[in-house]
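Model the full assembly from the supplied sequences, consistent with the hints where possible.
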Amino acid sequence: MADAVLDQRRPEDSALHVVDLPVAGMTCAACATRIEKVLNRMDGVSASVNLAAEKAHVRLDGARIGAGEVVAAIRKAGFEVPDASLELEISGMTCVACAQRLEKVLGRLPGVSAAVNFATERATVRYTPGLSNADAIKAAVVRAGFEVAETGPAQREQIRARQQAQWRHERIRFWIAAALTLPLAAQMPAMFGWVGEAGIHDVIPRGFQLLLATPVQFWIGARFYHGAWSALRGRSANMDVLVALGTTMAYFYSLVVTALGRHDLHVYFEASTMIITLVLLGKLLEARAKARTTAALDALVRLQPRMARVERGGMIVEVPVERLQPGDTFLVRPGDAVPVDGVVESGASAVNESMLTGESLPIDKAGGDKVYAATVNGEGVLRCRATGVGGSTLLAGIIRLVEQAQGSKAPVQRRADQVSAIFVPVVVTLAVVTFAGWWLVAGDFQQALVNAVAVLVIACPCALGLATPTAIMVATGQGARAGMLVKNAAALELAEQIAVLALDKTGTLTEGRPAVTEIRPGAGVSRSELLRLAAAVEQASAHPVALAVVEAARAEGCVLPPASELQAVSGKGMEGVVEGRKLRVGSPDFLAEAGVAVAEADIAALAAGANTLVAIAGDGHWLGVIGVADPLRGDSADAVRRLRAKGVHVLMLTGDHPATAAAIAGRVGIDEWQAGVLPAGKAEAVSSLVAERNGKARVGMAGDGINDAPALAAADVSFAIGVGADVAVEAADITLVRNSLHGVADAIDLSRATLSKIRQNLFFAFIYNVLGIPLAAAGMLNPVVAGAAMAMSSVSVVTNSLLLRRWKPGR
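Residue 785 in the UniProt record's numbering is what sits at position 785 of the sequence shown, and the numbering runs on without skipping anything.
Just so you know, these hints were derived from the structure itself, not from any lab. Computed from a prediction, not measured in an experiment: that's the story for all the values here. Be a bit skeptical, because a hint or two may be false.
[What the hints assert, rightly or not] Straight-line alpha carbon distances no greater than 20 Å define the calculated SDA-like cross-link-like pairs of lysine to any residue that follow: (1) K696 <-> G335; (2) K55 <-> V38; (3) K104 <-> P411; (4) K582 <-> E565; (5) K55 <-> S85; (6) K572 <-> A629; (7) K572 <-> A597; (8) K138 <-> E150; (9) K370 <-> P411; (10) K370 <-> E511; (11) K572 <-> F590; (12) K808 <-> F763; (13) K582 <-> A540; (14) K55 <-> E69; (15) K370 <-> N352; (16) K370 <-> P305; (17) K572 <-> G595; (18) K138 <-> E87; (19) K370 <-> G335.
Have a look at this one:
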């Protein structure tokens, strides 16, 4: 998507600038002219519109009008200024409050909306060109106190290397902090009984304690001050505020006591240093565990081979994969990974596609079959033609979908974010109340200080912010390994609530490879003539049934005449003129609508055998009917039984004849079905099911074709079976790479396992604070123990999410 390009303002007129806006929806020069007229009527605007480039070049006087008004005018004229999207890698976030603050910062930019994921350290930004641009967005991130870099395939390795370098740097700082803290910690035999004899803290001279604590507080702990300042400057509070406030209170109290020489009072240098050191340890463990949550995605990325053996000038040469172009011929030797997507031109072998489909058995490949990047060749040699390279491979699409899902937010996470948004201010208030209570009521300033510090450091929103996204990250990775591509986290959350599942028939319950089984010509029409005329009209259609008729005609040696005046009637059939005759080809009802007297006996006989019926009429007279059968998938009946065992009511929606629908439904064990349903009717049926349940239970829809897209979009959760029609995959929430209905049951299983882990994580996150804060306020929790508990709360949540890596498909 093209960004708006903002020119530098002219010195003689600082308010005048230029904006290039992308415009969608123009169909002719008249559209461009209309937009120009609309814009040029606006005060302070001079515009020219380029139809070929689909851009509006606008000069505007910023003192009199803004770019937002120009965008609004274009949209009011009936055209669209498409939003652009930006994926950013964010460094420097310390807790979920940072992510929320950054969302607010970006949301304040004109025309910008953003979702920031603390667990993945990524921001997905959508913006309206002309109102904002990528540079302005990245500048806002930097002003908020974070580091930013654009993401993408080319940057992925750089980002990973930078993260590894940063982790090593933080590890060195932790060990320095640990070395400085260890002598202070060694004098704490009464750590769990914080208040003891005054001399217990004077094993090491206080001057030396100050010398050890100062670099930990202000050098190692500088990151907390920086993060706290950035948060407060942005009118919010985060974990850094809590840690900086608590440790600073302990440090400066100890500094004053030391400076005054009050040996009758305790000093708490060891508390401030140990809290910082333990929090750093927790962050290191958290970072290492978070890295493991993306292990499945990293494994997919590593599957792509680096080199390919390509035919160039009659020779086989090795070239980097990124240099391959569509149409290049490449060879795959036994045991090699396929470098890019392609079609087999010669050779035969079996290819292991488990990394895409989760199916462990190799798939036989021969001339004309498709092969996919990163799948592993068996014993034979394959000579292939490249069809998908770079970002166009199936593997690249899977990686994009997994990244998109991992960066999205589930509804349950948004509720947790609402809690964490007010969490830090509430904790600071509780700490103030604790301090005031102990000092004013109990008259003990030292105990008041210690307890207030304990309240501050036990409470951290990190675990709450990690509870949902880490589970989503692991689950989507495991789903990808099993051949399930989850488009967004909301779909993964809602899948467990599916109570009704509507299924398409062709390509979902059946193989999607229909073939002609029987031909019944009418009176005075030969078998070959009927097939020839039907195929002449159907050769203009891409429907699987039409392709089966054309293939049968060619197999019998029929020469297909040209057809004119072709017209497709969605879900019903085709019309056209062949050799001067007006033909109507499609369902029996389609012919009956035109007043054709159909042969009911032939229709009933073919439909009883679970055939899809292709009826043909010429000039309003019945010519015959062709039976096309699409064999059931071998595991469809078992998958339906498995879904019903999970409490899911399964129904079938099909455009086929009622007798055909009844036969298929009976074979797979479906009790409820609707036949003769057009694409719009499928969407209406699904919408009606959704309305009936009113959000109390969810409705799923599974299909594979273009005709299924409206129904998929209408469902609460939608499944695209296989990698067939792109529009079906685009409309679906979950794409099942393997052509099996078992994938729907697997997705429901994965959803239930994921939501179970999320609930456990939220319990762990809350229990630390529900138990810890009252104990700290009551003076029953040592600040050092509180710091350790706070650090480990995040680690425990991430570790619990990692247990999802044990999940396997149920079949």
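Each hint, compared with the structure:
1. At most 20 Å may separate the alpha-carbon atoms for a hinted pair to count; K696 and G335 exceed this at roughly 51 Å.
2. Simply put, K55 and V38 have alpha-carbon atoms about 15 Å apart, close enough for the 20 Å limit, and the pair holds.
3. Proposed proximity of K104 and P411 is supported: the alpha carbons are some 18 Å apart, at most 20 Å.
4. At roughly 9 Å between alpha-carbon atoms, K582 and E565 fall within 20 Å of each other, so this suggested pair holds.
5. A distance of roughly 18 Å separates the Cα atoms of K55 and S85; the hinted pair therefore holds under the 20 Å criterion.
6. This hinted pair checks out: K572 and A629 have alpha carbons roughly 17 Å apart, not beyond 20 Å.
7. About 17 Å separates the Cα atoms of K572 and A597, which keeps this hinted pair within 20 Å; it holds.
8. For the suggested pair K138 and E150, the alpha carbons sit about 9 Å apart, so the restraint of at most 20 Å is met.
9. At roughly 38 Å between alpha-carbon atoms, K370 and P411 are farther apart than 20 Å, so this suggested pair is violated.
10. Restraint check: the Cα-Cα separation between K370 and E511 comes to about 17 Å, which is no more than 20 Å; the hinted pair holds.
11. Among the hinted pairs, K572 with F590 is consistent with the structure: their alpha-carbon atoms are about 6 Å apart, no more than 20 Å.
12. For the suggested pair K808 and F763, the alpha carbons sit about 25 Å apart, so the restraint of at most 20 Å is broken.
13. Between K582 and A540, the direct Cα distance comes to roughly 15 Å. Compliance with the 20 Å bound is thereby established for this hinted pair.
14. At roughly 17 Å between alpha-carbon atoms, K55 and E69 fall within 20 Å of each other, so this suggested pair holds.
15. Using a Cα cut-off of 20 Å, the hinted pair K370 and N352 holds, with the two alpha carbons roughly 13 Å apart.
16. For the hint pairing K370 with P305, the CA-to-CA distance comes to about 18 Å; that is within 20 Å, so the pair holds.
17. A threshold of 20 Å between alpha carbons decides the hint, and for K572 with G595 the separation of about 15 Å falls inside it, so the pair holds.
18. Under the criterion of a C-alpha separation no larger than 20 Å, the hint pairing K138 with E87 is consistent with the structure, at around 11 Å.
19. Only pairs whose Cα atoms come within 20 Å are accepted, and K370 paired with G335 is accepted, the gap being roughly 18 Å.
In this structure, the earlier hints numbered 1, 9, 12 are contradicted, and the remaining ones agree with it.
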